[in-house]
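Q: So the sequence shown is residues 1 to 97, counted in our numbering.
Derived by calculation from the structure, the hints in this document are not laboratory data.
For each label pair, taking beta carbons as the anchor points, the in silico distance ranges come out as: (1) R68 <-> R37: 18 to 26 Å; (2) A59 <-> R29: 38 to 46 Å; (3) L12 <-> I39: 44 to 52 Å; (4) K64 <-> P32: 30 to 38 Å; (5) A59 <-> Y83: 31 to 39 Å; (6) R29 <-> L56: 36 to 44 Å; (7) E14 <-> L35: 37 to 45 Å; (8) Q53 <-> A77: 33 to 41 Å; (9) R74 <-> Q53: 29 to 37 Å; (10) R57 <-> P32: 28 to 36 Å; (11) I30 <-> E61: 25 to 33 Å.
Using 25 Å as the maximum straight-line C-alpha spacing, the simulated BS3-like pairs for lysine-lysine come out as follows: (12) K72 <-> K58; (13) K58 <-> K71; (14) K64 <-> K51; (15) K41 <-> K58; (16) K79 <-> K91; (17) K72 <-> K87; (18) K69 <-> K58; (19) K44 <-> K69; (20) K64 <-> K44; (21) K67 <-> K44; (22) K64 <-> K41; (23) K51 <-> K41; (24) K89 <-> K79; (25) K44 <-> K33; (26) K93 <-> K79; (27) K79 <-> K67; (28) K69 <-> K79; (29) K58 <-> K44; (30) K41 <-> K28; (31) K79 <-> K64.
For every residue, glycine included, the Cβ atom is placed at its ideal position computed from N, Cα and C.
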Amino acid sequence: MGHFVLKKLPRLIERSISETKAEPPEIKRINPKRLQRMIAKEEKQAGIGTKAQEVLRKAFEARKQAKRKRKKERISAYKDRQYQIRKEKSKQKHRGR
Numbered sequence: 001m002g003h004f005v006l007k008k009l010p011r012l013i014e015r016s017i018s019e020t021k022a023e024p025p026e027i028k029r030i031n032p033k034r035l036q037r038m039i040a041k042e043e044k045q046a047g048i049g050t051k052a053q054e055v056l057r058k059a060f061e062a063r064k065q066a067k068r069k070r071k072k073e074r075i076s077a078y079k080d081r082q083y084q085i086r087k088e089k090s091k092q093k094h095r096g097r
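Please work from the sequences and hints to get the whole structure.
A: Below you can see the structure in the form of structure tokens.
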């Protein structure tokens with residue numbers, strides 16, 4: 001038994017390890033749509049190179065946020081006005097009862 005453990009076992013282990021390394025790993029195919037989403041996400045995360053471009057981008061984003069806020073307020077005011085008009089018309093219809 002000592003002869004097997006000392007002489008033959010290390011060679012068997014070495015051979016089995018080298019055989020398992022020879023197999024190439026399976027390449028899992030990625031769904032094309034998923035791949036496109038991943039690429040788009042990476043491109044979006046990549047920052048703009050120069051500081052001037054970064055400042056321009058931040059200014060653009062700030063204007064965009066302000067525009068969204070104004071639009072939301074305008075739509076809210078319009079909907080409120082329409083609601084008040086409907087309520088007034090409803091009151092006018094039931095006035096003589």
